[in-house]
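K.L.:
Listed here are the chains, written in short residue letters.
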Amino acid sequence: GQQLNQSPQSMFIQEGEDVSMNCTSSSIFNTWLWYKQDPGEGPVLLIALYKAGELTSNGRLTAQFGITRKDSFLNISASIPSDVGIYFCAGQGSGNTPLVFGKGTRLSVIA
Amino acid sequence: EAGVVQSPRYKIIEKKQPVAFWCNPISGHNTLYWYLQNLGQGPELLIRYENEEAVDDSQLPKDRFSAERLKGVDSTLKIQPAELGDSAVYLCASSSPTRWNQQFFGPGTRLTVL
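Listed in order, the protein sequences are those of chains A and B. With the numbering used here as the guide, the letters of the first sequence map in order to residues 1 to 111. With the numbering used here as the guide, the letters of the second sequence map in order to residues 1001 to 1114.
One thing to keep in mind: the hints can contain errors.
[As the list claims (entries may be wrong)] Okay, derived cross-link-like pairs now, BS3-like style, lysine-lysine, Cα gap no bigger than 30 Å in a straight line:
1. A:Lys103 with B:Lys1078
2. B:Lys1078 with B:Lys1062
3. B:Lys1011 with B:Lys1062
4. A:Lys103 with B:Lys1011
5. B:Lys1062 with A:Lys103
No wet-lab data here; the hints were simulated from the structure.
Start from the sequences and build out the full structure, keeping to the hints where you can.
P.N.:
As structure tokens, this is what we get:
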């Protein structure tokens, strides 16, 4: 099925560093969601974005809904070991259409 | 508030055997989703229920997969017969009528078909 282009696929960073990842699509979305998945668990919703240009924060996490409605960005500031996991973006078109997920960005934090 | 509950967490079966997964959504969430997650991939929707009605099952391989949500609460996803390629994580999610675009996921069932 259709998937979003998420990058980078993986990243290794030092504890305390900031992290940026992004998601792009050939289709316009009305909603962008960012999830984090730990090993053996289901994805956990981090941030939901509903308007083009919207910038939303959740603690050390900040996400933005791209102006073109075809992309979204997630930033993590001052990373800590518990930030380790796989981060997924998901986009949704109009109405209650299915979420389309990216392949994830695997984040590793080196203490 | 309890989250989405799934069982079993792990299942190992031989090919051609049947298997069933169970999901209990968050209380008050009328929309329930079953997703398939292959290794290294994001979840992909199999079926969506609004109460007891399957409103989107276009991605469900109906020759071997079936699902039900009797009474509009718990749901069961079944595979019969299972094939090697069905090995994956099966995730259940739910959303509320007022925040239908915020889906909350269960821990998943990891299926291994030998």
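K.L.:
Taking the hints in turn, state whether each one holds.
P.N.:
Here is what the structure says about each hint:
1. A:Lys103 with B:Lys1078: holds (26 Å)
2. B:Lys1078 with B:Lys1062: Roughly 10 Å separates the two Cα atoms, so the pair holds.
3. B:Lys1011 with B:Lys1062: Within the cut-off at roughly 21 Å; holds.
4. A:Lys103 with B:Lys1011: With Cα atoms ~24 Å apart, Lys103 of chain A and Lys1011 of chain B stay inside 30 Å; holds.
5. B:Lys1062 with A:Lys103: Holds - the C-alpha atoms of Lys103 of chain A and Lys1062 of chain B are around 25 Å apart, at most 30 Å.
When held up to the earlier numbered hints, the structure conflicts with none and fits them all.
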